[in-house]
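Go ahead and model the full structure; you've got the sequences and the hints to work with.
Take the sequence shown: its letter number 512 is residue 499 in my numbering, and every next letter is one higher.
Don't read these hints as lab results, they were simulated from the structure. Owing to the predicted nature of the structure, the values given are computational and were not obtained by experimental measurement. Be aware that one or more of the hints could be misleading.
Stated by the list, open to error - Derived DSSO-like pairs (lysine-lysine); straight-line CA-CA distance at most 30 Å: (1) K341 to K180; (2) K179 to K153; (3) K245 to K278; (4) K153 to K115; (5) K488 to K341; (6) K488 to K438; (7) K341 to K173; (8) K269 to K173; (9) K115 to K165; (10) K278 to K301.
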Amino acid sequence: MDILKFEDWITCREPSNTYPKKPTCSLIKKEGNVLSVQSKSSDCWSNHMTRFLGIDVGIKVPKIGTSLSATMVVRCSSILVHPRRRNNLRSYKSHKYAKVKVSNLLGKSAGLCFSGSWAEKMNFLKSKEDEAKMNQTISSLLVSNSRDYLISSSGDKVPVSDLEGKLVGLYFSMFLHKPCAEFTQKLVDVCKKLKEKGDNNFEVVLVSLDHEEKDFRQVLEATHFLALPFKDMTCQRLIRYFDLIPIPNLPIMGTDGKILHNNAAELIDEHGLEAFPLSPEKVAELAEIEKVKLNAQTLESVLILEERDFVIDKNGSKNSLGKTSCSTFSAHWWPACGEFTPNLISAYHEIKAKDKQFEVIFISSDCDQPSFDNYFSGMPWLALPFGDPRKTFLLQKFKVRGIPALIALGPSGRRVTTEARDMIKFHGAEAYPFTEELFQLLEKSLEEMAKNWPEKIKHELHPQHDLIRTPRDRYVCDGCHNVGSKWSFQCKVCRFDLHPKCCMKMDEGSNNEEW
-12 MDILKFEDWI TCREPSNTYP KKPTCSLIKK EGNVLSVQSK SSDCWSNHMT
38 RFLGIDVGIK VPKIGTSLSA TMVVRCSSIL VHPRRRNNLR SYKSHKYAKV
88 KVSNLLGKSA GLCFSGSWAE KMNFLKSKED EAKMNQTISS LLVSNSRDYL
138 ISSSGDKVPV SDLEGKLVGL YFSMFLHKPC AEFTQKLVDV CKKLKEKGDN
188 NFEVVLVSLD HEEKDFRQVL EATHFLALPF KDMTCQRLIR YFDLIPIPNL
238 PIMGTDGKIL HNNAAELIDE HGLEAFPLSP EKVAELAEIE KVKLNAQTLE
288 SVLILEERDF VIDKNGSKNS LGKTSCSTFS AHWWPACGEF TPNLISAYHE
338 IKAKDKQFEV IFISSDCDQP SFDNYFSGMP WLALPFGDPR KTFLLQKFKV
388 RGIPALIALG PSGRRVTTEA RDMIKFHGAE AYPFTEELFQ LLEKSLEEMA
438 KNWPEKIKHE LHPQHDLIRT PRDRYVCDGC HNVGSKWSFQ CKVCRFDLHP
488 KCCMKMDEGS NNEEW
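Written as structure tokens, this is what we have:
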């Protein structure tokens, strides 16, 4: 097996604060025209390695734990090709620096060996990034050591300094991603209308996540945005900088170069030209308008479209709309949906036993009718028919950016919460009827429970450091690989998280199995 060293390949990898003293290798195997990367590391290094590979090819990669292995498929060139190396690697055989073509690795097994110096350089780069955030300007975001310009659709070089004093949107997008394609056209239309009004103070800079240059070129020529050059290293740095999830994503920089809005894609998608100038005052005004619309919402306005005023059961029979309480967006092919659906089924039966009017409607993101039928057959609730046009309307109406999602509606059809998934996951049937008042009560109860947990623990999955009880937003547990929230036992140094349930035994009667 050939060993590849990356001591000098540091500029576009995700940094971390700590690494093991000795390098960890991962196996690469050929599968058709791509390479499959497997890691079975016994320490937290595998998590950093999968993140670095995932960012390189623009995909989300799950973490890898100590007793499990995960496989991800990536193109050989996506991992190993660097623009300054011209597809060559260094061979350390016989202590000589002979160059080896990346293509020579196809059909072979290889290990990725990360040196200590690589980690040190990455930590240095991370410290520089943190320092830059304190004094952010449009130039510090977009200028690199080798480039102080952007490119136009005609190929001209436009100085980054031309954007100073303007409102700038950094548009993270991918040509083949359907939501990006839909939003791109809306963004183009808005930019055109602004210019027709004589407002030339807004510029969009395309930060392409595409793998193929032809896709990048096609978007650039169709939009006439400015752009970072294809595969420019700054693209990867900006992904880390803005903690990019999800796409399409449009952070807005104010006239001073500081962040004005973390992601204006949703605002522009819904309000178009009315969203401008994207100031805090304008955002607050739009929020009030949205609140009025929600108060006027009915079940019929949400779920009836022209002649489609029904849902179906597992036999395909039509059912009239009742007092529906939840709409679940899901698909059989996405692992997170497979993990959440059993939780929802369990809670559904408990809630249904207490309230016969409660119902759930399944809204599928499956790719074909057989997949829909197979997945729906294991569900006890109703559904929109596969391919129903109401799905698109509901995705936009409830601003669903990922699956699984669970939207709770009151008896009148008014939206109660878009966070019902987390409420079910962490509180089960006790979360019903999903009101804010009940949620606050459950959260307070959880806070009291957390006070009885140890402040720090030692765990065999992460023997290097103590794990500290930490309030958290959403994270992925390094033990069971499920999504967690609210609390974790965390090593901040290694960015390692465990659910409380993975750290210690809960009381037998506890309803917090998912923590």
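For each hint, the structure was consulted:
no. : hint         : verdict
1   : K341 to K180 : violated (53 Å)
2   : K179 to K153 : holds (16 Å)
3   : K245 to K278 : holds (29 Å)
4   : K153 to K115 : holds (25 Å)
5   : K488 to K341 : holds (28 Å)
6   : K488 to K438 : holds (15 Å)
7   : K341 to K173 : violated (45 Å)
8   : K269 to K173 : holds (19 Å)
9   : K115 to K165 : violated (35 Å)
10  : K278 to K301 : violated (36 Å)
Of the numbered hints stated above, those contradicted by the structure are hints 1, 7, 9 and 10, listed in ascending order.
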